[in-house]
Amino acid sequence: MEEQSLSAFLQERWPELFLRLTEHMMLTVVSTGAAIGLGLGLAILIFRYNRLREPVMAVVGILQTIPSLALLVFLMTVVGKIGVAPALIALILYALLPIARNTLIGLENTPHAILEAATGLGMTENQIIRLVRLPLAVPSIVAGIRTATVVAVGIATLSAFIGAGGLGEFINRGLALSSSRLILLGAIPSGLLAIIYDLSLAAAEWGIRPVRKVDTPLSLPQQKLRRRAAASLPVALFVASLALYVVAHPLSQASSSITIGSKHYTEQIILAELIAQTIEKDMHVKVQRRFDLGGTSVCHGALVRAEIDIYPEYTGTSFATILKKPVLKDRAQALLFLKNQYRRQFGSDWLLPFGFSNSWAIIVGDDNENSSLNKISDLSGLADKMTIGLPAEFAEREDGFPGLGKVYGLRFARIEDIDTNIAYKALAEKQIDVAAGNTTDGRINAYKLKILSDDRGYFPAYQAAPVVRLDAMRKFPTLEATVNKLGGKIDAIEMRRLNHMVDGEHQSPAAVAAAFLKKHPEI
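Taking the working numbering, the leading residue of the sequence shown gets 453, the next gets one more, and so forth.
Source of the hints: derived by calculation from the structure; they are not laboratory data.
All values reported here derive from a predicted model rather than from experimental measurement.
Don't take each hint at face value.
The calculated lysine-lysine pairs, modelled on DSS-like cross-linking and capped at a C-alpha distance of 27 Å, are [claimed, not checked]: (1) Lys937 to Lys970; (2) Lys781 to Lys937; (3) Lys858 to Lys902; (4) Lys941 to Lys791; (5) Lys970 to Lys733; (6) Lys937 to Lys927; (7) Lys837 to Lys858; (8) Lys738 to Lys937; (9) Lys837 to Lys941.
Assemble the whole structure, with the sequences as input and the hints as a guide.
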């Protein structure tokens with residue numbers, strides 16, 4: 453299929469680009485603004501009580517060493533919700549160090565002669581800090597704010613993993629769909645945004661610094677005008693960022709909407725889009741899409757907290773990750789057990805399965821070099837010379853690699869943590885020898901790979917089905933019947949074809965879902 457032209461691509465994406473850009477701006481300016489207040493207060497406190505310096509700065513410094521994604525997920529757990537709140541807290545914590553450190557340096561480097569003059573005028577210590585030290589420290593403080601702002605713009609892209617929006621949505625989706633255009637659609641505006649904010653603060657830094665001998669002489673009114681104009685530039689940008697966010701992203705969502713979630717890969721996004729479009733077509737209610745959430749735990753937590761109403765899940769995943777129980781082999785019994793447990797524990801229910809099972813699979817290249825490999829047990833004599841790429845979730849789950857290694861007696865020479873969206877390409881390019889993937893992934897055919905048969909029956913069935921909140925079904929009585937129209941309509945071959953249309957032919961998940969529904973008017 454011919455790839456969409458760049459102009460058509462940008463025209464199609466412009467409304468969402470504007471929305472995500474304003475979300476990114478809001479995350480940046482609100483977190484930086486809060487960090488400025490906290491950082492200044494912290495620096496003044498440390499300056500007044502020097503014994504606090506080492507422990508406080510050590511804690512603030514340690515926060516900088518925590519991987520940003522880990523901190524986001526941790527705060528999401530602490531706050532108890534996905535979205536903007538944990539993202540803002542994380543961004544504030546990351547911005548504290550440069551602001552507090554630079555403020556402290558500025559306070560400590562006030563010229564001794566000026567301090568003597570202030571003391572001679574009878575100023576108290578508080579007055580000296582407020583009227584002498586802080587004004588003279590402004591250039592150093594602004595330099596710290598510049599660093600914090602650029603850091604905030606960068607880290608805000610990761611906030612999309614926990615449903616906070618921003619330009620990271622495009623980057624996440626681009627990684628999930630192997631689309632460089634989507635990645636650049638998030639990365640380029642993010643970089644430009646960092647430059648714009650930095651330039652505005654650089655202008656402020658220039659305007660408020662003391663006039664030097666080499667500068668063009670300015671009268672006192674001109675100096676005041678320069679200071680006011682320079683200081684007002686970042687403030688105006690701050691206000692404009694919030695105003696655009698309010699315009700593009702109303703603070704209150706429609707109470708009659710249904711929110712659909714998905715995990716961070718192609719199949720999930722397609723299934724979520726099918727659910728969303730079916731609801732829009734039949735129920736005529738507003739649908740909020742919160743796709744590309746971090747993973748099973750994030751989606752399940754959002755469902756339990758009523759932050760999303762429905763998302764696609766897999767039976768085997770729920771047994772292993774949510775319920776921490778062995779997977780039942782019988783598909784009907786497994787689904788019935790999950791329905792009962794979810795109703796009792798989580799106030800939600802499993803609807804009719806889509807019609808396919810997307811189990812884990814062990815994958816190798818389909819070439820002469822691997823012609824003798826047809827089943828997983830064939831790896832037993834070769835694994836100690838091979839490198840396997842594993843997604844993080846599969847590497848840790850007991851129904852994933854730990855159990856697989858025990859059942860098949862496999863010990864690989866190297867184990868690489870690698871995202872599923874990258875693993876297939878790495879396998880095709882022989883950067884790794886073996887990968888863990890999914891049986892319905894369209895990229896298996898696209899990259900000329902093959903699935904090794906599970907000859908010892910290790911992997912259980914992973915039936916895909918919508919999971920929905922009971923409260924949402926009570927609020928919308930026709931919701932269950934509407935979504936159940938998708939039940940049994942997609943077998944494994946069809947799901948692999950839909951995935952390939954996105955991953956191989958670079959169609960959008962929305963377009964693929966729309967084409968499928970058009971092909972099946974009975975839905």
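Okay, the hints, checked on the actual structure:
1. Taking the CA atoms of Lys937 and Lys970, the gap is near 14 Å; set against the 27 Å cutoff, the hint holds.
2. Among the hinted pairs, Lys781 with Lys937 is consistent with the structure: their alpha-carbon atoms are about 26 Å apart, no more than 27 Å.
3. Between Lys858 and Lys902 the alpha-carbon distance is near 23 Å, which keeps this suggested pair within the 27 Å criterion.
4. Simply put, Lys941 and Lys791 have alpha-carbon atoms about 20 Å apart, close enough for the 27 Å limit, and the pair holds.
5. Straight-line distance between C-alpha atoms of Lys970 and Lys733 comes to about 11 Å, which keeps the hinted pair within the 27 Å bound.
6. Pair hint Lys937 plus Lys927 holds up; C-alpha atoms about 19 Å apart against a cutoff of 27 Å.
7. A C-alpha spacing of about 18 Å is found between Lys837 and Lys858, which places the hinted pair at or below 27 Å, so the restraint holds.
8. Restraint check: the Cα-Cα separation between Lys738 and Lys937 comes to about 19 Å, which is no more than 27 Å; the hinted pair holds.
9. Proximity of Lys837 to Lys941 is assessed by CA-CA distance (about 42 Å); at most 27 Å being required, the pair is judged violated.
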